[in-house]
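> Spelled out, the chains give:
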Amino acid sequence: MKMHDVVIIGAGPAGLSAAIQCRTYDLSVVVIDEFPKAGGRLLGQLHEEPNGEWWNGIKESNLLIEEAENLKTDIRLGVSVHHVERLENHYVVHTNTEHVAAKTVLIATGAAESAAPIPGWTLPGVMSIGAAQVMTNVHRVSVGEKGIVVGVNVLSAAIARELQLAGVDLHSMALPATNVVSEDQSNPRAVMERLVRIAHLAPSKFIQFGSKFATFEFVRNIALNFYPKDGIKMWDMPIHLRKAIKEINGTDRVESVTMVDVTPDGDIIRNTERTIEVDFVCIAGGLYPLGELAAVVGCPFEYNEALGGHVPIHNEAMETPIDGVYVAGNITGIESAKVAREQGKVAGLSIVKALTDNAEVAEKVDAAITNVQQTRDEATIQFHPEINEGRATISASFEQLIK
Amino acid sequence: MTKRIIDHPVLGTIENERTVTFTFDGKTYEGYERDTIASALLANDVRTIRRHEATGNPRSIYCNIGHCFECRCTVNDVSNIRACLTLIEENMVVKSGDVQPDPLNPNNEGPLPRTYEEYAERKAGDTDENA
Ligand SMILES: Cc1cc2nc3c(=O)[nH]c(=O)nc-3n(C[C@H](O)[C@H](O)[C@H](O)COP(=O)(O)OP(=O)(O)OC[C@H]3O[C@@H](n4cnc5c(N)ncnc54)[C@H](O)[C@@H]3O)c2cc1C
Ligand code: FES
Chain A
176 MKMHDVVIIG AGPAGLSAAI QCRTYDLSVV VIDEFPKAGG RLLGQLHEEP
226 NGEWWNGIKE SNLLIEEAEN LKTDIRLGVS VHHVERLENH YVVHTNTEHV
276 AAKTVLIATG AAESAAPIPG WTLPGVMSIG AAQVMTNVHR VSVGEKGIVV
326 GVNVLSAAIA RELQLAGVDL HSMALPATNV VSEDQSNPRA VMERLVRIAH
376 LAPSKFIQFG SKFATFEFVR NIALNFYPKD GIKMWDMPIH LRKAIKEING
426 TDRVESVTMV DVTPDGDIIR NTERTIEVDF VCIAGGLYPL GELAAVVGCP
476 FEYNEALGGH VPIHNEAMET PIDGVYVAGN ITGIESAKVA REQGKVAGLS
526 IVKALTDNAE VAEKVDAAIT NVQQTRDEAT IQFHPEINEG RATISASFEQ
576 LIK
Chain B
8 MTKRIIDHPV LGTIENERTV TFTFDGKTYE GYERDTIASA LLANDVRTIR
58 RHEATGNPRS IYCNIGHCFE CRCTVNDVSN IRACLTLIEE NMVVKSGDVQ
108 PDPLNPNNEG PLPRTYEEYA ERKAGDTDEN A
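The listed protein sequences derive, respectively, from chains A and B.
If you count by the numbering used here, then the first sequence holds residues 176 to 578, one letter each, in order.
If you count by the numbering used here, then the second sequence holds residues 8 to 138, one letter each, in order.
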């Protein structure tokens, strides 16, 4: 088996930009991704930035792919990694087609969507909001004639807009009705609180949506108590915080949903059921870091709400406590693709630093770390208001561990 | 009926896509060269990709990016392939997942042979048909 310098798992913005750094210093690199096209979740993204320019994920991905290809990077697509084995002084990455050996491993597997199950959610035509994003913007197939978005958060609002842009008709956005698994996704107060605290960092129209509720709690309470029956419109689409979807109906595919009114605390108001005809439903339960492979190789984890869930412990240089294992991108916490890309650069340079004795690289790592923070501060899309605190906690945990 | 988004105000127009022909449960469909099985089927308005192994309920894609395994199907005789990650190829043979026999439920034996004799019998039948 050939011994590579690094195997990078995930060809999203983090993995690709790490690969570019490693190849710039001529390391032998293998990038593995199970999706048939490189770019990760960046591929589906399409946001209008506050300055009116479009963040076009396909274009951004192509820039990274081109740069990686110019550096003759070995990118293997359609290959799934299911195990990372730690041996004496190297790693073996197990995939569905081959085993790849390397001195170091970078795990850049990104994020996954949390489910917000409601009765009927296994019917064909029900999908996660991210599924609709990829179908619409990457595959260019319409997910249906008329749909509804269940779950109100920054990501679902952004993607609802993307569906609209592509000419896909949406009835509205509403909350999932309270059930044993829905947690605070069904609580209008919690949902509004999160929207307001994040609104100033979200795509342009969302700012106006968020600012309607102001930051004072009593204003928010009034807003929820007198929430308009027709919802508050964003891009002409009603967003409901006092209506929830209780059930999805149909025999062989989605035919309708049952909508109910809810109190400001999310309790269902009796006898308010009505049926809305739709042929698809997008469920938006939020994102969490996809960390299994880091767990398999033995990385310690920490639950960190601001970062989106359980994350492998790591430092700002993207090192984990396990020698030779690095992480970058959304596996370290849910943030925008721009942040993931900068983190990838840090990880790539850290690997170069560890494997070569090139004095200039150490300085470059530090500069790249500064860049990550700057990109975070300037982010136009943010998933959690306490991201900086979350980052500080995880770095502290790393220091604690290696002491 | 095609459900393609041909024109897009920001992403532009799709033009000159090469088409690829494949079969799903014996029926022939066309998709574009860069389609996954899932996107090609949806473009043809086919939503159900498999039947639940125990209940027989229809299932389709859920995550569309390889995480949930809801879209598993059989491709060129290899089972449990994720339709959302697999590109279509010319003459690819795709089959939806079937109900499986349930050892705890005698009413649900599914389509699989129960004994070796039954298997051999069916196999012989298959070859006769193909001959
Ligand atoms: C469905 C979804 C939609 C999103 N939409 C937006 C959005 O609109 N705007 C926004 O700012 N952010 C969005 N995000 C957040 C997104 O995670 C970041 O913007 C960014 O793409 C993260 O980059 P990354 O490189 O860390 O991971 P990703 O871009 O997710 O790339 C990770 C790659 O790793 C691959 N991979 C994972 N596990 C394996 C394995 N076991 N074997 C092989 N390959 C594997 C995946 O196929 C993927 O290509 C979305 C996230 C998800 C999950
Ligand atoms: S739809 Fe989730 S794995 Fe294919």
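Keep in mind that a hint or two might mislead.
[As the list claims (entries may be wrong)] The calculated lysine to any residue pairs, modelled on SDA-like cross-linking and capped at a C-alpha distance of 20 Å, are:
| id | chain 1 | residue 1 | chain 2 | residue 2 |
| --- | --- | --- | --- | --- |
| 1 | A | 212 | B | 24 |
| 2 | A | 234 | B | 96 |
| 3 | B | 10 | A | 251 |
| 4 | B | 10 | A | 270 |
| 5 | A | 408 | B | 14 |
| 6 | A | 234 | B | 119 |
| 7 | A | 212 | B | 70 |
| 8 | A | 234 | B | 76 |
| 9 | A | 212 | B | 55 |
| 10 | A | 321 | B | 14 |
| 11 | A | 234 | B | 41 |
| 12 | A | 321 | B | 70 |
| 13 | A | 177 | A | 270 |
| 14 | B | 10 | A | 177 |
| 15 | A | 234 | B | 10 |
| 16 | A | 234 | B | 100 |
| 17 | A | 177 | B | 11 |
| 18 | A | 321 | B | 22 |
| 19 | A | 212 | B | 63 |
| 20 | B | 34 | A | 321 |
| 21 | A | 321 | B | 24 |
| 22 | A | 234 | B | 55 |
| 23 | A | 177 | A | 234 |
| 24 | A | 321 | B | 55 |
Note that these hints are calculated values from the structure, not bench results.
From a predicted model like this one, the values you see are computed outputs, not experimental measurements.
> Hint by hint, note whether the structure agrees.
Going through the hints against the structure:
A C-alpha spacing of about 17 Å is found between residue 212 of chain A and residue 24 of chain B, which places the hinted pair at or below 20 Å, so the restraint holds. The suggested pairing of residue 234 of chain A with residue 96 of chain B is violated, with an alpha-carbon distance near 26 Å, which exceeds 20 Å. At most 20 Å may separate the alpha-carbon atoms for a hinted pair to count; residue 10 of chain B and residue 251 of chain A exceed this at roughly 30 Å. The straight-line distance between the Cα atoms of residue 10 of chain B and residue 270 of chain A is roughly 34 Å, outside the 20 Å bound, and the hint therefore fails.
A threshold of 20 Å between alpha carbons decides the hint, and for residue 408 of chain A with residue 14 of chain B the separation of about 26 Å lies outside it, so the pair is violated. Distance hint between residue 234 of chain A and residue 119 of chain B is unfulfilled; the C-alpha atoms sit about 48 Å from each other, more than 20 Å. Between residue 212 of chain A and residue 70 of chain B the alpha-carbon distance is near 16 Å, which keeps this suggested pair within the 20 Å criterion. For the hint pairing residue 234 of chain A with residue 76 of chain B, the CA-to-CA distance comes to about 29 Å; that exceeds 20 Å, so the pair is violated.
Between the alpha carbons of residue 212 of chain A and residue 55 of chain B the distance comes to roughly 24 Å, so the proposed pair goes past 20 Å and is violated. Proposed proximity of residue 321 of chain A and residue 14 of chain B is supported: the alpha carbons are some 18 Å apart, at most 20 Å. For the hint pairing residue 234 of chain A with residue 41 of chain B, the CA-to-CA distance comes to about 17 Å; that is within 20 Å, so the pair holds. Only pairs whose Cα atoms come within 20 Å are accepted, and residue 321 of chain A paired with residue 70 of chain B is accepted, the gap being roughly 19 Å.
Note on residue 177 of chain A and residue 270 of chain A: the hinted pairing holds, with a Cα-Cα distance of about 15 Å set against a maximum of 20 Å. Proximity of residue 10 of chain B to residue 177 of chain A is assessed by CA-CA distance (about 46 Å); at most 20 Å being required, the pair is judged violated. Straight-line distance between C-alpha atoms of residue 234 of chain A and residue 10 of chain B comes to about 24 Å, which puts the hinted pair past the 20 Å bound. Using a Cα cut-off of 20 Å, the hinted pair residue 234 of chain A and residue 100 of chain B is violated, with the two alpha carbons roughly 33 Å apart.
Proposed proximity of residue 177 of chain A and residue 11 of chain B is contradicted: the alpha carbons are some 44 Å apart, above 20 Å. Between residue 321 of chain A and residue 22 of chain B the CA atoms are separated by roughly 26 Å; this puts the pair beyond 20 Å, and the hint is violated. For the hint linking residue 212 of chain A to residue 63 of chain B, the alpha-carbon distance of about 33 Å lies beyond 20 Å, and the restraint is violated. As the CA atoms of residue 34 of chain B and residue 321 of chain A are separated by approximately 27 Å, the hinted pair breaks the 20 Å bound.
For the given pair, residue 321 of chain A sits about 27 Å from residue 24 of chain B by alpha-carbon distance, which is inconsistent with the 20 Å threshold. Taken as a hint, the residue 234 of chain A and residue 55 of chain B pair is broken in the structure, with Cα atoms around 32 Å apart against an allowance of 20 Å. At most 20 Å may separate the alpha-carbon atoms for a hinted pair to count; residue 177 of chain A and residue 234 of chain A exceed this at roughly 34 Å. Distance restraint check for residue 321 of chain A and residue 55 of chain B: the Cα-Cα separation of roughly 18 Å lies within the 20 Å cut-off, and the hinted pair is therefore satisfied.
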